[in-house]
Amino acid sequence: MTFLIFIGLTIYSFSKSNDQSNDENITEAVVRGKHIWEENNCMGCHTIMGEGAYYAPELTKVVERRGEGYIKAVLMTPVDWAPNGRKMVAYGFSKEEAEDLIAFFNWIGEIDLNGFETVVSPLSKDDN
Amino acid sequence: MKYKSQKVAYWFFALSMLLFGLQIVYGFIMGFAHAGMDGLHSFIPFNTARAVHTNLLVVWLLSGFMGAAYYIIPEEAQRELVSVKLAYVQLISLALVGVTAIVGYHFNYWEGRKFLEIPRPLDYLVVVNVLLFLGLILTTLFKGKRRTTTALVLSMGLLFAALLYLPGMLPFDSQIKDSFFRWWVVHLWVEGVWELIMGGILSFLLIKLTGVDREVIEKWLYVIVGLTFLSGVLGTGHHYYYIGVNKIWLIVGGIFSALEPLAFLAMALFAVNMYRKGEKKHPNKLALYWTLGAAIVSFIGAGLLGFAHTLPQTNLYTHGTLVTAMHGHLAFWGAYAMIVLAIISYSLPNMTGRKLYESTRGRMAFWMSNIGMIGMTVAFGVAGVAQVYLERKFKMEFIAVQKEIEVHFIVLIICATLFMTGIILYFIDFYKHGRPNDEALEITPINN
Numbered sequence: 005m006t007f008l009i010f011i012g013l014t015i016y017s018f019s020k021s022n023d024q025s026n027d028e029n030i031t032e033a034v035v036r037g038k039h040i041w042e043e044n045n046c047m048g049c050h051t052i053m054g055e056g057a058y059y060a061p062e063l064t065k066v067v068e069r070r071g072e073g074y075i076k077a078v079l080m081t082p083v084d085w086a087p088n089g090r091k092m093v094a095y096g097f098s099k100e101e102a103e104d105l106i107a108f109f110n111w112i113g114e115i116d117l118n119g120f121e122t123v124v125s126p127l128s129k130d131d132n
Numbered sequence: 139m140k141y142k143s144q145k146v147a148y149w150f151f152a153l154s155m156l157l158f159g160l161q162i163v164y165g166f167i168m169g170f171a172h173a174g175m176d177g178l179h180s181f182i183p184f185n186t187a188r189a190v191h192t193n194l195l196v197v198w199l200l201s202g203f204m205g206a207a208y209y210i211i212p213e214e215a216q217r218e219l220v221s222v223k224l225a226y227v228q229l230i231s232l233a234l235v236g237v238t239a240i241v242g243y244h245f246n247y248w249e250g251r252k253f254l255e256i257p258r259p260l261d262y263l264v265v266v267n268v269l270l271f272l273g274l275i276l277t278t279l280f281k282g283k284r285r286t287t288t289a290l291v292l293s294m295g296l297l298f299a300a301l302l303y304l305p306g307m308l309p310f311d312s313q314i315k316d317s318f319f320r321w322w323v324v325h326l327w328v329e330g331v332w333e334l335i336m337g338g339i340l341s342f343l344l345i346k347l348t349g350v351d352r353e354v355i356e357k358w359l360y361v362i363v364g365l366t367f368l369s370g371v372l373g374t375g376h377h378y379y380y381i382g383v384n385k386i387w388l389i390v391g392g393i394f395s396a397l398e399p400l401a402f403l404a405m406a407l408f409a410v411n412m413y414r415k416g417e418k419k420h421p422n423k424l425a426l427y428w429t430l431g432a433a434i435v436s437f438i439g440a441g442l443l444g445f446a447h448t449l450p451q452t453n454l455y456t457h458g459t460l461v462t463a464m465h466g467h468l469a470f471w472g473a474y475a476m477i478v479l480a481i482i483s484y485s486l487p488n489m490t491g492r493k494l495y496e497s498t499r500g501r502m503a504f505w506m507s508n509i510g511m512i513g514m515t516v517a518f519g520v521a522g523v524a525q526v527y528l529e530r531k532f533k534m535e536f537i538a539v540q541k542e543i544e545v546h547f548i549v550l551i552i553c554a555t556l557f558m559t560g561i562i563l564y565f566i567d568f569y570k571h572g573r574p575n576d577e578a579l580e581i582t583p584i585n586n
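Chains A and B, in that order, are what the protein sequence lines are. Residues in the first sequence are numbered consecutively from 5, following the numbering used here. Residues in the second sequence are numbered consecutively from 139, following the numbering used here.
Just chain A, same shape as in the assembly (with noise of 0.2 angstroms):
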């Protein structure tokens, strides 16, 4: 019985006037990029959406928040990174997939996340 209204209610959340999941930007680019995110475990530190380890910033408003310079050259970066001394794996992306990574992290940036978003992002533009 709970597991019916449980089903109902995830259809009705995906459901084309209530889905706030930003699924119509999601580029050909976007997806790339969440498949390099998942195939090096990113989430083994990092969050995202709140999801993750931990370990390492959170990346929901990573671009608006660093630039893209920054964050391609700490994907590109052929030594690890230790901006305050905590190790990221240095991962030596080429400048395609540091793109598509970007592209991944823009799209996250721009979900209504029901205010977390601002919570988790003291640099974002938006009023906090």
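If you are wondering where the hints come from, they were derived from the structure by calculation, not from laboratory data. Incorrect hints may have been included.
Covered stretches of chain B, as calculated for chain A (at least 3 residues, CB under 8 angstroms) [what the hints assert, rightly or not]:
1) 197-211
2) 456-470
3) 501-509
4) 538-552
5) 573-579
As a list, the in silico EDC-like pairs of lysine to aspartate or glutamate whose alpha-carbon atoms are at most 16 angstroms apart [stated by the list, open to error]:
6) LYS252/B <-> GLU42/A
7) LYS315/B <-> GLU103/A
8) LYS76/A <-> ASP116/A
9) LYS315/B <-> ASP116/A
10) LYS315/B <-> GLU42/A
Derived CB-CB ranges, DEER-like [stated by the list, open to error]:
11) GLU68/A <-> GLY273/B: 49 to 59 angstroms
12) TYR262/B <-> SER19/A: 29 to 39 angstroms
13) VAL265/B <-> LYS20/A: 41 to 51 angstroms
14) PHE181/B <-> GLU43/A: 17 to 27 angstroms
Backbone N, C-alpha and C fix where the C-beta goes; we use that ideal spot for every residue, glycine too.
With chain A held as given, fit chain B onto it using these hints.
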């Protein structure tokens, strides 16, 4: 032990203990990294340690649940397992798949979805493995002389756990839908079907340890199953507050999450009441410790600490912080780790014929691991709350905050050392019992 085939359980428990030990090792790697000592970064970066740590937890608990089922089902159904040989095949394949996944994580071979990192080809092998397990358990149950509520609830839990593994394998282009259906596996396991498994094991242990009538105990079990389904399913909503789906989940998730502690409260009351009622006192005190401990600590860890940050207004600030780690550690320890340790403590003397019931070492194992884990929970909690205030109220940079809270991880490591000492004592007890043997069949009185 009444049936020869129950011995299979021993090897599942042994695998379980081995993986548990490894899980603790990887936990230490992460603890040190958080404290600013990440010397292993080039060989085992944090994301690898994290994937190994959480996946080992799942695999050792599952191995423990499977062992519990292989021990409990023959006794409840009153017949031997349908095939002991296939049970060993299942054990070995489970170990192989688990080890391949864990090794793979060190070579960037994974799926990168929190808790479900097992790569896709291995997922299919897991499905085959679990089907084999369920086939053995269910045919034994249905060919058996009796079908008890305890056995049914346990088997239902295991069956649904297998079914609910499937939504995690759906492919999505959208990160949101990916997350959404990932929680169908993760949440509905820990707040739903695993609770049934726990309830089943708990009920079996209480019947054996307290001597209270099966009827009384199984009536309680119905209540627990009811409460679990009432709150757990829609309680999934608390994972949907801030991941980009409709606001309806704030209300649904908020209300039903608030009810989630009830199932755990019922479980704690159930265990304590049955213990008080029981006139026949079973000599296996250690098993009783772990059983009552599981019921009580799960209520604190899963029920109360979960409730502490499950309301949307609180969760807005605690979502994605160490507060989650605080709740997660005590919840998993109390609800699932302790119940596995309880069934092992109960069944080991029966399978091996060595009744090391009342050892100082056993008691030390119980108290040291529990005090250690509570200390770890407090350390995570203090770090998490500090993180919430500094980062999300006062808008400090993430990394700057992490520097501020490093000291709490020193406390965490100290408590973890105490915890590990307790667990090592438990392992020694396990080892001292020796191998299972058929002679144990006669040694154990029929009514135990």
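How the hints compare with the structure:
{"no.": "1", "hint": "197-211", "in the structure": "violated (count 0)"}
{"no.": "2", "hint": "456-470", "in the structure": "holds (count 6)"}
{"no.": "3", "hint": "501-509", "in the structure": "violated (count 0)"}
{"no.": "4", "hint": "538-552", "in the structure": "holds (count 3)"}
{"no.": "5", "hint": "573-579", "in the structure": "violated (count 0)"}
{"no.": "6", "hint": "LYS252/B <-> GLU42/A", "in the structure": "holds (10 angstroms)"}
{"no.": "7", "hint": "LYS315/B <-> GLU103/A", "in the structure": "violated (23 angstroms)"}
{"no.": "8", "hint": "LYS76/A <-> ASP116/A", "in the structure": "violated (25 angstroms)"}
{"no.": "9", "hint": "LYS315/B <-> ASP116/A", "in the structure": "holds (14 angstroms)"}
{"no.": "10", "hint": "LYS315/B <-> GLU42/A", "in the structure": "holds (14 angstroms)"}
{"no.": "11", "hint": "GLU68/A <-> GLY273/B: 49 to 59 angstroms", "in the structure": "holds (53 angstroms)"}
{"no.": "12", "hint": "TYR262/B <-> SER19/A: 29 to 39 angstroms", "in the structure": "holds (32 angstroms)"}
{"no.": "13", "hint": "VAL265/B <-> LYS20/A: 41 to 51 angstroms", "in the structure": "violated (33 angstroms)"}
{"no.": "14", "hint": "PHE181/B <-> GLU43/A: 17 to 27 angstroms", "in the structure": "holds (20 angstroms)"}
The structure is inconsistent with the numbered hints 1, 3, 5, 7, 8 and 13, although it conforms to all the rest.
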